[in-house]
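Use the sequences and the hints to build the structure in full.
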Amino acid sequence: MESPPDITKFFGDLWLHSILTIPFIGLLFALLLYSLLRINLLKGLWISMVTVFLSHHLIDYLGNGINLLYPISGDEVELDVIPKSMEAIIIFVLLLGFILYLSKLSFKYYIMPLIVIILLLIVQITSSLTIQHKLDTRLHPATITMTPENQLLHWEFDVRLADTTIIKGSGAYLDYKIDHTTPPPKE
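Numbering (this note's numbering), first residue to last: 14 to 200.
Honestly, the hints are just simulated from the structure, not real lab data.
Where hints are given, some of them may not hold.
[Unchecked claim] Below, a list of computed lysine-lysine pairs in the DSS-like style, where the Cα atoms sit at most 27 Å apart:
no.: 1; residue 1: Lys-147; residue 2: Lys-181
no.: 2; residue 1: Lys-147; residue 2: Lys-117
no.: 3; residue 1: Lys-56; residue 2: Lys-117
Rendered as structure tokens:
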């Protein structure tokens with residue numbers, strides 16, 4: 014299941030999704046905020062904007078893909094480990110962390126939501142890699158495409174063998190099942 018596209022990517026703009034442009038876009042946003050807020054924290058604003066854009070790029074990489082080296086390369090890379098159901102969990106946990114931050118509690122209370130999100134992502138990535146490894150050792154495929162189902166730790170996969178056989182299936186954290194196999198075309 015694919016994540017919904019970013020608005021700028023939907024209209025074909027890849028400049029905001031390139032790691033090469035992050036420092037410049039961060040500086041542009043920092044200068045804009047600096048002029049609007051009239052505070053003498055240009056360096057702090059620039060660092061925070063770069064952090065925001067790097068976080069955005071990380072989420073795109075884990076979700077619907079990113080063009081890291083645009084305009085040098087138009088290749089899109091993605092890990093595709095965030096299912097739609099997990100996006101809501103991440104937003105809720107981040108909102109909780111922000112509320113805890115605003116309530117002026119100690120650092121350990123508002124850093125906990127970030128730790129929860131990081132642990133969720135680690136478990137999700139581990140489950141994907143576990144199933145990929147099992148499929149790879151059993152089938153020795155040319156490619157494996159894993160996409161998250163709309164449920165945590167559940168995956169759909171396509172395995173393409175060298176003879177163009179396509180194996181479709183699904184799996185959970187430590188196990189998988191093959192739904193059907195499409196044999197190679199007859200010559």
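Hints, verified against the model:
For a cut-off of 27 Å, the pair hint linking Lys-147 to Lys-181 stands: about 14 Å separates their Cα positions. A threshold of 27 Å between alpha carbons decides the hint, and for Lys-147 with Lys-117 the separation of about 47 Å lies outside it, so the pair is violated. Of the supplied pair hints, the one linking Lys-56 and Lys-117 holds, its CA atoms being roughly 25 Å apart against a limit of 27 Å.
In this structure, only the earlier hint numbered 2 is contradicted, and the remaining ones agree with it.
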